[in-house]
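**Q** Here the structure of chain V is known, so what remains is to put chain B in place on it, guided by the hints.
Below, each chain spelled out in residue letters.
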Amino acid sequence: MRAPYGGTFAGMGVLITVIVLVLLGLVAVWAFNRLVSLRNRTDEAYAQIDVQLKRRYDLIPNLVETVKGYAAHERGTLEAVTSARNAAAGASGVAATAEANNVLSGALGRLFAVAEAYPDLKANATFLNLMEQLTTTENQLGFARQFYNDSVRALNTAIETFPLMLLAGMAKATRREYFQVDDAAVREAPTVQF
Amino acid sequence: MFRDVQTSNRWRSMLLLGVGFLLLVGVGEAVGYYLGLGPFGLVLAVVIAVASTANAYWNSDKIALRITGAHQVDASTHSQLLNVVQEMCLASGLPQPKVAVIEDPAPNAFATGRDPQHATVAVTTGLLERMNREQLQGVLAHELSHVANRDTLVATLAVTIAGTLAIMCDMVWRVSMFGGSTSRRRSNDSGGGQLQLILLAVSVLAIVIAPLAAQLIRAAVSRRREQLADATAVSYTRNPAGLRSALEVLATDSTVVRHTSRATSHLWIESPLDRGASVWNRMFDTHPPLSERIDALREMERTAATP
Numbered sequence: 349m350r351a352p353y354g355g356t357f358a359g360m361g362v363l364i365t366v367i368v369l370v371l372l373g374l375v376a377v378w379a380f381n382r383l384v385s386l387r388n389r390t391d392e393a394y395a396q397i398d399v400q401l402k403r404r405y406d407l408i409p410n411l412v413e414t415v416k417g418y419a420a421h422e423r424g425t426l427e428a429v430t431s432a433r434n435a436a437a438g439a440s441g442v443a444a445t446a447e448a449n450n451v452l453s454g455a456l457g458r459l460f461a462v463a464e465a466y467p468d469l470k471a472n473a474t475f476l477n478l479m480e481q482l483t484t485t486e487n488q489l490g491f492a493r494q495f496y497n498d499s500v501r502a503l504n505t506a507i508e509t510f511p512l513m514l515l516a517g518m519a520k521a522t523r524r525e526y527f528q529v530d531d532a533a534v535r536e537a538p539t540v541q542f
Numbered sequence: 023m024f025r026d027v028q029t030s031n032r033w034r035s036m037l038l039l040g041v042g043f044l045l046l047v048g049v050g051e052a053v054g055y056y057l058g059l060g061p062f063g064l065v066l067a068v069v070i071a072v073a074s075t076a077n078a079y080w081n082s083d084k085i086a087l088r089i090t091g092a093h094q095v096d097a098s099t100h101s102q103l104l105n106v107v108q109e110m111c112l113a114s115g116l117p118q119p120k121v122a123v124i125e126d127p128a129p130n131a132f133a134t135g136r137d138p139q140h141a142t143v144a145v146t147t148g149l150l151e152r153m154n155r156e157q158l159q160g161v162l163a164h165e166l167s168h169v170a171n172r173d174t175l176v177a178t179l180a181v182t183i184a185g186t187l188a189i190m191c192d193m194v195w196r197v198s199m200f201g202g203s204t205s206r207r208r209s210n211d212s213g214g215g216q217l218q219l220i221l222l223a224v225s226v227l228a229i230v231i232a233p234l235a236a237q238l239i240r241a242a243v244s245r246r247r248e249q250l251a252d253a254t255a256v257s258y259t260r261n262p263a264g265l266r267s268a269l270e271v272l273a274t275d276s277t278v279v280r281h282t283s284r285a286t287s288h289l290w291i292e293s294p295l296d297r298g299a300s301v302w303n304r305m306f307d308t309h310p311p312l313s314e315r316i317d318a319l320r321e322m323e324r325t326a327a328t329p
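So the sequence lines, in the order shown, correspond to chains V and B. Okay, so the first sequence: first residue is 349 according to this note's numbering, each after it adds one. Okay, so the second sequence: first residue is 23 according to this note's numbering, each after it adds one.
Hint data in this document are derived by calculation from the structure and do not stem from the laboratory. Glycine included, C-beta positions come from ideal geometry on N, C-alpha and C.
One side of the interface only, derived from the structure: several residues of chain V facing chain B at Cβ under 7 Å: (1) 484; (2) 487; (3) 488; (4) 491; (5) 492; (6) 495.
Isolated chain B (complex conformation):
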């Protein structure tokens, strides 16, 4: 049953990325048309966006440790934690990641890394205090699922698409502000002046709305990958109850992790940001609501007879 959930979430997240990519190409065309730059606007924006995310992606394991103040631990001080990580590595076939602990009373955990060979998994001291062995196993299975599913790469792709769109739209605004040469168009085809006006209006609309759409897509992709990580965790432990009871513990705890930011919020098992509950705010959430995830896991427990 968890395999179906895995497949469905994988497809949906890839579809969302595909939509984002199409949006990128479409807006690239619109910007090229509006600025008279042709494809160069898109190319330049892509180069800038990739250059700014490349370092973050490549060194994500080290950067995440620095931002959160995590310190690496070994078996002499945290033997049970290392043992549970080792158990999940066997279940998943992944190599041993760097294991780190963050001094923070809020229970949370994250995983990052450009590939399974350069991965880091971290838990807070608050999590270690509140979770029993079974729950800890579920949480670590979820984190290693992010590593196995290359979620750092997926998130980087989504961020790069959103970033490219933002840069292109920024270019358009700057050009319009400073009275740029937007009329360097092929105004030779005199017929269809009204069509050109419509195209212009559509382009402007697209350019204005696109960055917002990209953020929505980025959040939706992140939510799908969280559900995928939950299902993959179950495929490792074959014990949905462990992760489910861990999420229930998180649901009752209201403390929030200290060292965090919007940029890294998608990495954690529970969203560290406190957004409002309105429909609009929920669309930008990087994590599905805990209640939804708990229900999905209960469903897997129910159908555990046919995995």
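Chain V extracted, bound-state conformation:
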């Protein structure tokens, strides 16, 4: 019976080399695609955070007006919310935006606590609707941030480990920053439930 590869050791060597090269090629393709997909996922995740942040900035003026109608003498809290909101809307860069929004989250938390003491306010339909919208925006922001940070973690780990690190440059995959939360309380309970 004649062996298919020519029946010599040299022939076998060529065959093995070809197989190894093909396998390496397949691994390289997989690695490149994985890096690109991780990079894209991170970009999309950040875009989602942006969407939620804008919703939050848009909802707040309405909320402040509604609360003012019932709890006018809580001016200090209301003004804190408004100025924090303006600062956050004007921030740029991942770290600065994250920090400014932490401050805003704190101010909003105090506002929600204050609203608890006004039963008339809590019965107001507009207020309830706004509260649900803000609640869901806060939650969606929290989850968008969570998904973004998870994507960043996966991307950064991939870039730093073998064999994906070899193709990181070609795939234009670079280290990304986390959307940090410094307030431990906010980190532990990123969502709001009413």
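**A** Below, chain B alone, put in the same frame as chain V:
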């Protein structure tokens, strides 16, 4: 901690499917031997089984809606429900599924779909009444986990394996009943007549027991995927208490969903079938007992410091 639970349940469910597949191949050999058909018995059975499950799988989202009488809703009537679904879609990175509501006082929910792009999530009016926002979030996270983990596909694979086995064993019985030509074997090798007898006995035993084994495997796979869905839900919400308190509400409620059947029981968050509590019955349950799931979630709450 929930990641460990996820990994472990994923591996165990895949292992079970692997065992089921081996069982299928083994019995296929036995049937081929017994009927003298060779591999064609197995091939034919696979074709029939796949043909009968293919439509159910492909259109699972529409079929489930029809069977349960669910109707799709939007933000104008169920804004909080849609908001919570949207929150879980962000946490999981999944596209928005169809959201539906079922008029039924029993609290329950299900999710189905051939892939995340064609998924449906449904809740009963009973569930919406009894759950607060945090619990609803946990339940929906669990349902979307089924979508993310492709549990409809996994369940279909398990059902197809079980179905193929049932068809093959049915073929054997029909052939034996009507005095089929089971002796079209290679009776040329005259040596080892006793061996042939033993092989025949083993084949018959395998053929009789296999469908039962397949049902056990199917139920075990479903239970593993339920635990996986619980752990994946926690990976989305990072709040085991939400789902845990939702399950506690389900545990105290004894009403059962109306429009259901054995075929769809694995889709729900709480098993709609009331089985006996004996060990034998529990092995066929598609869901682990609620107490076990609640304990697992409490464990995740306890170790929440190191996710």
